[in-house]
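S.K.: Residue numbers (the working numbering), protein chains in the order written: chain C, 1 to 185; chain A, 1001 to 1179.
Rather than coming from a laboratory, the hints here were simulated on the basis of the structure.
Incomplete in silico selection of chain C near chain A, CB under 7 Å:
hint: 1; residue: R22
hint: 2; residue: V29
hint: 3; residue: S33
hint: 4; residue: S38
hint: 5; residue: E51
hint: 6; residue: W62
No experiment lies behind these values; they were computed from the predicted model shown.
From the three backbone atoms N, C-alpha and C, an ideal C-beta is built for every residue, glycine too.
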Amino acid sequence: MQIPLGQHSDEDLMARILQSDRAAYATLVARHSNRFLSLAERLMKNRALAEDVIQDVFLKLWQSADKFNPEAGKFTTWFYRVVSNKCFDEKRRKKTVALPENFEMVDESKSAEETIEDKNRRKTIDDALEMLPERQKLALTLYYFQELSNKEAAEVMDINIKALESLLTRARATLRNKFDGAKLL
Amino acid sequence: MVLSYYSAEIERRKVWEMTRVREKEFKQLLATYGSQTDRWPEDQREAALLFAATESGQALLKAEEVFDDLLIQSAKSEEASDDFIRNLLALPDQAIMQSQNINKSLLAWWRQQLPELALWLNPKMLAAEAATLATALVMGIWVGGQQAIAEDESFETDLSYVLLSEDLIIEDDMESWDE
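Just chain C, with the same shape it has in the complex (with noise of 0.2 Å):
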């Protein structure tokens, strides 16, 4: 009796994909396509940006499954390297263009009814996490924000669990003093 593909595991879905299976490849989008584009837009702060990552990396593995070893390590680990490391060479990459004067941001609220204090705070926040370092960043996105363990953010940063305590704890502090500075805590 065959096996459902949703309950293969990604590794054996990603030995499939190497054969050009089609409904492998769409398992894995399915599984966890969430879960990246999550990752790509808190880190380029930008939704379109962020799929045009996630796009680009989803292409690679159709076209180059055979760059993961699963010997290695776990798929999401190897992954998250993946779209974390394109996010950081696209942000390199893009050039800042100046802004024309009086020129508005749109508003990405995602409520109506959100009142201008919790726009606000909520920039305040999002200014804060914008400036921290890009690895105390990285580190307080997997951790935190995409809820892996310190030991599997530890792997996908390629550096050992006392250095993750390191990244946490400074990005906590930096930010924790920027909120007190703007009166948030």
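With chain C fixed as given, assemble chain A onto it according to the hints.
M.R.: Chain A alone, transformed into the frame defined by chain C:
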């Protein structure tokens, strides 16, 4: 009585020291991992939960929760749209088209780079060249074959005298040359 007082004091200091160490470690744990107890590393969770149950542990935990609540307020990501998922699922087709386009581009590049060769690479020209070459080969083989037959007849030599005679008179041969 004095001894029992000092013993109690030593015990009290020990407990205080242990509590201070636990508090220091607990603060470090909160500073690194935050207030979500189910996210604390397994090897530290049990001891941390014991301290969290104390009065000072509770106070520290609540202060960290305020900070974590703020952090959660940062932009939450929406789920991927159906269109986006459709685009992702169509990527294998895109990959096939990409490789076909690359092949077409390479052929176009060669045609651009070598215009004369491109002229000769025209299918009609190629067919004409192949026909010419084939004709030349056939003619050549036929002509060559005809010549070989003619030469063969003129140079026919009866070697039977040489092979069958018991001796070959050299002097006779030399005399004939002198003539």
